[in-house]
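Number of protein chains: 2
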Amino acid sequence: MTMTHPLDSALQLQPVSPGQYEGQTSPGYWNMVGPFGGITAATLVKAVMDHPQRLGEPLSLTVNYAGALTAGTFTLQVTPVRTNRSTQHWTLSVLQVDGEGELVVTTTATVVTAVRRETWSMSDEPMPEVVPPGELQRIAPGFGVEWLSRYEMRPVQGALPKDWDGAVSSSLSQLWMRDDPPRPLDFCALAALADVFFPRVWLRRARRVPAGTVSITVYFHASQAQLQTTGTGYLLGQARGQEFRNGFFDQTAQLWNEAGYLLATSHQIVYFKE
Amino acid sequence: MTMTHPLDSALQLQPVSPGQYEGQTSPGYWNMVGPFGGITAATLVKAVMDHPQRLGEPLSLTVNYAGALTAGTFTLQVTPVRTNRSTQHWTLSVLQVDGEGELVVTTTATVVTAVRRETWSMSDEPMPEVVPPGELQRIAPGFGVEWLSRYEMRPVQGALPKDWDGAVSSSLSQLWMRDDPPRPLDFCALAALADVFFPRVWLRRARRVPAGTVSITVYFHASQAQLQTTGTGYLLGQARGQEFRNGFFDQTAQLWNEAGYLLATSHQIVYFKE
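Chain order of the listed sequences is A and B.
Heads up: the first sequence is residues 1 to 274, going by the UniProt record's numbering.
Heads up: the second sequence is residues 1 to 274, going by the UniProt record's numbering.
None of these hints come from the bench; they were simulated from the model.
Computed from a predicted model, the values in this text were never measured in an experiment.
It cannot be assumed that every hint is accurate.
Note that the list lumps identical chains together, so a pair holds whenever it fits in one copy or between two copies.
When the alpha-carbon atoms are kept at most 20 Å apart in a straight line, the in silico EDC-like pairs for lysine to aspartate or glutamate are as follows [claimed, not checked]:
hint: 1; residue 1: Lys273; residue 2: Asp165
hint: 2; residue 1: Lys273; residue 2: Glu258
hint: 3; residue 1: Lys273; residue 2: Glu118
hint: 4; residue 1: Lys273; residue 2: Glu57
hint: 5; residue 1: Lys273; residue 2: Asp124
hint: 6; residue 1: Lys162; residue 2: Asp179
hint: 7; residue 1: Lys273; residue 2: Asp179
hint: 8; residue 1: Lys162; residue 2: Asp50
hint: 9; residue 1: Lys273; residue 2: Asp98
From just these sequences and the hints, can you work out the full model?
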């Protein structure tokens, strides 16, 4: 018997016409009022990866969450708007029929893919020296939120506060993480993992205020071959807030594999209340 | 006699039809093989600011440079794809007729605007303590590149290497900067200023290899009122590379005003050769 990994089930897309797919939201990756943002990001990457005209591998991805998806069918549009010698520019959108029967945009996105050649390379953001994953406690999924059960997370520092007492602390989190069950890393999984960090405002204020990502950008620094080498190993994720101001904060994040390669960097701007 | 500021001249857009403008590339902001990326970013922000259906102020901006603009006329398309209660999602593109007479996409972009309410606020990225702008030398514009003359830049650290000797140093730059001549700060000017940093790879390698921005994202943390308070004062810009790998590197940047407010954070992914 072959079991399909929950991520692969969630990423299934049916071609409708050139550049148009139909997908289904996945209960396994459900968040509070819609899908986990990371699964939407992963689905957009999947649509580009599947496209017959794709040139190269993902280099950058920006996803704008315009409105929550409701459970059920969605339409994904993907267009290669310009193909250069070594880069290709894509625009994407997710649409859904709303309560009034109208087709509305829930998500917009842009992707750049690129053919990479070997050049001088160097990391200016070396992996922090931290305790290995095996020596750290796995956190129990919480809040009755289903998608959290799709990930194994072992915090090094900056876990959710134990007491929601409003004490101000640092907004830095570091955690080892991977898909649960383990699944060989690819660009889709990496895009989703870039969005697993709980809202920095919860940590900074030790208060669980309503919060949700408005826009996320992921820069991919690894090749498919490097992701394959990473396999089912853990990634070290690090996230930190920069500015919390009048209803929005931004977050900067880095994801290394266990060998210390910086596979992706990511940034997002997040809405919060109060 | 009233003089129009070069930035305002460059940002002039003629409405053609709803959501469509015609603009002209500006010799004053010319880079090596096309316009300075920052002026394109500023023009996209201008199109949103001018749009009669705009809700709120810019919150995030992503610009993908698909191909260099050639000198002359361009078409800018701007669409508010979804308007929520307090956020609005925009897609934009710049098009130009190419050498074969075909209309091609040179730039794609997304913008989110938002109505902001006063909330708990805090900075997790305080302005570094640096020497004030008046005590620092202004750098002479170089490379025969016109747009550099539109900015006053006073480096604190991480100026261009004096000797292009291939020595590896840090990729951190800090500089005071503003429009030249000084111009009251607005969202357009701020978007452009987020892109003034020379390629981190030049600093890291002390080698001027060919390089160009592929995609930039700017998160705006300030309101129009805060920008007005900043006036014609200097901004402290800070930029640092994170990962340089196989033809591309990313850069993370922060822009504070002299009062120490973090007005914007920015990230970009940049192509480089060799």
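Evaluated hints:
1. Proximity of Lys273 to Asp165 under the C-alpha cut-off of 20 Å is restricted to the intra-copy arrangement: shortest distance 17 Å within a copy versus 51 Å between copies.
2. Proximity of Lys273 and Glu258 under a CA criterion of 20 Å is satisfied in neither setting, with 36 Å inside one chain copy and 28 Å between copies.
3. Within a single copy, Lys273 and Glu118 get their C-alpha atoms only as close as 46 Å, which misses the 20 Å cut-off; across copies the closest is 10 Å, which meets it.
4. For a Cα distance limit of 20 Å, the shortest separation of Lys273 from Glu57 across copies, 18 Å, qualifies, whereas the shortest one inside one copy, 37 Å, does not.
5. Within a single copy, Lys273 and Asp124 get their C-alpha atoms only as close as 35 Å, which misses the 20 Å cut-off; across copies the closest is 18 Å, which meets it.
6. Neither within a single protomer nor between protomers do Lys162 and Asp179 lie at most 20 Å apart by alpha-carbon distance, with minima of 24 Å and 48 Å respectively.
7. Neither within a single protomer nor between protomers do Lys273 and Asp179 lie at most 20 Å apart by alpha-carbon distance, with minima of 30 Å and 35 Å respectively.
8. In this assembly of identical chains, Lys162 and Asp50 lie within 20 Å of each other by CA distance neither inside one copy nor across copies; the values are 43 Å within and 47 Å between.
9. In this assembly of identical chains, the alpha carbons of Lys273 and Asp98 never lie at most 20 Å apart, being 25 Å within a copy and 47 Å across copies at closest.
In the structure shown, a violation is registered for the earlier hints numbered 2, 6, 7, 8, 9, in ascending order.
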